[in-house]
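Make a model of the complete structure from these sequences and hints.
Protein chains in written order, with this note's numbering: chain A, 418 to 554; chain B, 755 to 1105; chain C, 22 to 143; chain D, 89 to 590.
Be aware that a few hints might be false.
Covered by chain A, per the in silico footprint, the following chain B stretches (three or more residues, Cβ under 8 Å) [what the hints assert, rightly or not]:
| # | region |
| --- | --- |
| 1 | 786–795 |
| 2 | 801–815 |
| 3 | 851–857 |
| 4 | 880–886 |
| 5 | 906–913 |
| 6 | 975–988 |
| 7 | 1072–1086 |
Simulated crosslink set (DSS-like; lysine-lysine; CA at most 27 Å straight-line) [as the list claims (entries may be wrong)]:
| # | chain 1 | residue 1 | chain 2 | residue 2 |
| --- | --- | --- | --- | --- |
| 8 | B | Lys-960 | C | Lys-92 |
| 9 | B | Lys-1085 | C | Lys-113 |
| 10 | D | Lys-196 | B | Lys-1085 |
| 11 | B | Lys-784 | B | Lys-1085 |
| 12 | D | Lys-112 | B | Lys-1009 |
| 13 | B | Lys-784 | C | Lys-113 |
| 14 | B | Lys-1009 | D | Lys-196 |
Everything labelled a hint here was simulated from the structure, so no lab data went into it. From the three backbone atoms N, C-alpha and C, an ideal C-beta is built for every residue, glycine too.
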Amino acid sequence: MIMGLFNDWVVVVLMMIGLYIIIAHGNLIKKIVGLTIFQTSVFIFYISMAKIDGGTAPILVDGVTQYSNPLPHVLILTAIVVGIATTAVALALIVRIKEAYGTIEEEEIQEQDSQHKDSHKLNIHNSSEINRDKKEC
Amino acid sequence: MKRGELIESLINIVLLSLLVGIAIAIVCMKDLFAVVMLAGIYGLISASFFVVMDAVDVAFTEASVGAGISTLLMLVVITMTGRTEHPTRHKPLLAIFVVVVTGGLLIYGTFDMPYLGAIDAPIHTHVAPRYINESMQEVGVPNIVTAVLASYRAFDTFGEVVVIFTAGIGVLALLSVVRRRDEDSVIDSINDSMHEQHLILRIVSKMMIPFIMLFALYVQFHGDYGPGGGFQAGVIFASAIILYVLLFGLSTARKVINQTLIQLIAAFGVLFYGCVGLVSLLNGGNFFDYNVLSSDPIAGQHLGILLIEWGVGCTVASVMIIIFFNFAGRKEFQQRNGNLIDNISKKNKGI
Amino acid sequence: MIFDLDIIRELISALFLFMGSFLCISGGVGILRFPDFYTRMHAVGVTDTLAAAMILIGLMLQNPDGLVVIKLSLILLMTLFINPTASHALAKAAFHNGLMPLIEKNKKNNSLPDKKQESEKG
Amino acid sequence: MLVHLPVLQVIVPLMAAPLCLILKRVQLVWLFTLLVSGIAFLISVLLLQQVMSSGTIIYELGGWEAPWGIEYRIDKLNAFLLLIITGISTVVLFAAQTSIEKEISQDKHTVFYVLYLLSLTGMLGIVATGDAFNVFVFLEISSLSAYALIALGKDRRALWAAYQYLIMGTIGATFILIGIGLMYQMTGTLNMEDLSQRLPEVAQTRTVFTAYAFVIVGICLKLAMFPLHLWLPNAYAYAPSIVTAFFAATATKVAIYLLIRFTFSVFGLSFSFTTLPLQIIFMALGMLGIFVASTTAIYQTNVKHLFAYSSIAQIGYMIVGFSISSVAGLTATLLHLFNHALMKSALFLALGAVMYRIGSVQLSQFQGLGRQMPLTMAAIVIGGLSLIGVPLTVGFVSKWYLLMALIENGWWPLAVLVLLGSLLAIVYVWRIVEMAYFKPSLATHANVKEAPISFLIPIWILVFANIYFGIDTRLGVQVAQAASESLFAVSVSDITIIEDSL
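Below, the structure written as structure tokens:
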């Protein structure tokens, strides 16, 4: 039983670590790294379930009858792509947050937001606005 | 038989323990640069793990994405945002609570799971046998993963291409800047002085780039017979271009690669993929039914898979290039307007 | 003949693989034991090029016919190109940022003070 | 071509998105997007007609039959949802061009429409598909485009809101992925129909229980159900007005659809509600959501925030209806889903018009707007009345059905609580009315005029829909009832299968 479920338990541990980083750490980039660990642990879970004793990679070769299950592989290929897509968008957001707030620490951002929660003045951050400011200078 | 399996499970244990170790190290590290490098190593080791688990296609993708592109993007972002993490002041009790509940639930769930490698597990007996036994007659491609990916579940893959396209557009929406021509020359001169130092790197990489592109094409076309396919090929092709940008500067690369054109290629890839479906629709089949593309069903399947892999390759390569160009372009923009952005964030702080 | 060609090939291959693995381990020990960045990098450099090359040659001898040899020799060629360049880039980056090699004279402080200041200005 | 309607529903907006990038002129892109959304609406109308007359439509993608390939399965529930999404999207798009002119910088207009179409595609894909993993893929398409769209908002807090949404959304999606994986591991299939047949065999295992828990928690994160709602108010408040109007009316509805689909069709009623104490959990969380969110809404100073919290409260009503787990309760949920989409899109579009004219949606800025923008403010008032549930508006119809469903089960105290929740809605709507009609105009707003016609048309289309469906309840009720009956028919047959096997 220990060997049979070892992979699943490691997956759970990795998942817990990833989730912990996402929730407990305040640095936005670190959160994204945590997200990557979290997602990768799910990939490991799927791939482990596709494994079959005495099987080989699912590429048809003469003389082999036992192949591991190709379907989870396909799903995880898709999921990896989804993962990188999310990471890219998240990183783009981080760059913009750094520009707008001057920091990428969760606490400092929330502090800045709560300071002028009631001011209705917009906190402009668009690049075009920056360009306009520059022209005025 | 026993010895081989023993070694295999030993490797399995070692790799998984390494993963856990790296993950814990990532929790403790405060230097973001080290964290990102560890994340890259994490990706590489999980790719090795996938090889042990016989998932070669997945391993290939994870190696190119988890260890390659995502590390690169994170490094670019770190250069813009600073590399140390502030110590967390708030109590992590909530986090521990959530994590323990989630983990406990999952551990509870594992007790009724089929064991690793069990031959009689439901997933090996219900849907998968048809893919393994019939795909050669029905699709005619030796790599079953490609057969499932590009034919049985072609629509999922279409979704995947659209996801990556969406990411490209999203990054474009967030980071694109309107450039003015006259500023290029200034940047050029800065770059020139910087790049003279990297003579050896430049020469070696220049030699490498054609080979990388050639390899990308090999992966693209060999996907039917071995691990590989449009996605991996696209990433590799993009990495060749990214290498060029890293060494010769963004503005030099802009002269070679037109950004608008790249966007059009990304759009074209998605459209191309979709059009394969539309053509089969017009030929009287269902969407993505390749059998009707040619008089011989197997030839039709081959044609369909070839074409959609092209679509995937085009979109992935160009989206990766778009993403990198926009990150790098934003950095350039920040350098140019450095003082201005500082002022704005100061102003915002002051309000 | 007692030894036919196959056994000799196997033996040579095993020798190469063993040497390669040994160099890998020695490189690993080097990273842990050497005192400063440049000497550590030296250990890694050896692992990168020589050990990788030996393992690849050993693998080629395992399966001397077919596409495998061509693929492996291409990988070998790439490693021989890329690894020294990467080591060079690393060393250069370290030196550029003011990290000095550990020699008897400045054992106490790892970097020359004036050089460090210079790099900070730049 | 009629046979291919299910796939065209998703493919048309999908293929249109990259085409937008090729069309250069912004005006042209807008018209094109509007046209595509209109075509999608037309397709969904045809689909609904087909489904109502001849039953479930099955479309096999790639020509591979169900558990091996991916199938689209349009039944009454999907068709109803498709109609809501495409309809709202089309109406909202009318105002898009005018609205984003002031809220998004010129060079990003094309990108905005591309993302809008992708988001629409994602939602349609989630609703139309009959494959569990396909749900995940399209969920990510809609979410990724949603993050980018929200971040396009002018205020810098939009970025932070988008980031928080991204983190929560990705955790949610990954939870769903884990759940799907566990289900797949126990059954060996990904097709929803096939799953529903094979899950009862293994229903007693701990793994399936975990799978259900993960899927539901993942969906609830996307749904912004009460304790998991923290990402929603800021995301709605700082996104561009058009995006808010579109998402408030559709995004959470799609999540509710997923909740219903997984609970009733995939896991089956017998599993979801008899083996687990879910009924009580959902009922309690739904009620708490209504009261906490409504009370928070009362104290908001930003009207967009106010309506965002009200959205969370309305989700509470849907959850309460869902947790009754009877035909009447589900009918009420589906009706409220439709009605809430109508109200919230009207309200947020009207706020978009206010934003266009005075550049802010702070409550204090609303002073005296009732006289300067009479038509817009009248729309907000009617929308607000509908939110409260005043007779002759759609809000009344769904609340009525909800009360009936509660009383039918004999849960009198809960019915009273629902009525009390509506009282809270009166308070927050009144705050806006008071500000707009009973306070003098601000001097700074001296030359504020009525909203442009491109706003007024879609707003009043939605307002009239609010009133029309409040009076002529046939369409909504008929479809909702048919959909929930069909769901229960499936679930009940589930139970009989189990009994047979026992």
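Hints versus structure:
Counting residues of the region 786–795 of chain B whose CB falls under 8 Å from any CB of chain A gives 4; the rule of at least 3 is met. A stretch counts as covered by a chain when three or more of its residues have a beta carbon under 8 Å from one of that chain; for the region 801–815 of chain B and chain A the count is 9, and the coverage holds. Beta-carbon proximity to chain A at under 8 Å applies to 5 residues in the region 851–857 of chain B; the threshold of 3 is reached and the given coverage holds. Given as covered by chain A, the region 880–886 of chain B passes the check, having 4 residues with a CB less than 8 Å from a CB of that chain where 3 are the minimum.
Residues of the region 906–913 of chain B lying with their CB closer than 8 Å to a CB of chain A number 4, which satisfies the three-residue condition for coverage. Residues of the region 975–988 of chain B lying with their CB closer than 8 Å to a CB of chain A number 4, which satisfies the three-residue condition for coverage. For a cut-off of 8 Å, the count of residues in the region 1072–1086 of chain B with a CB near a CB of chain A stands at 4, and the three-residue condition holds. At most 27 Å may separate the alpha-carbon atoms for a hinted pair to count; Lys-960 (chain B) and Lys-92 (chain C) meet this at roughly 21 Å.
Simply put, Lys-1085 (chain B) and Lys-113 (chain C) have alpha-carbon atoms about 23 Å apart, close enough for the 27 Å limit, and the pair holds. Pair hint Lys-196 (chain D) plus Lys-1085 (chain B) holds up; C-alpha atoms about 19 Å apart against a cutoff of 27 Å. Distance restraint check for Lys-784 (chain B) and Lys-1085 (chain B): the Cα-Cα separation of roughly 23 Å lies within the 27 Å cut-off, and the hinted pair is therefore satisfied. With a CA separation close to 22 Å, the supplied pair Lys-112 (chain D) and Lys-1009 (chain B) stays within the 27 Å bound.
Between Lys-784 (chain B) and Lys-113 (chain C) the CA atoms are separated by roughly 25 Å; this keeps the pair inside 27 Å, and the hint holds. Between the alpha carbons of Lys-1009 (chain B) and Lys-196 (chain D) the distance comes to roughly 23 Å, so the proposed pair stays at or under 27 Å and holds.
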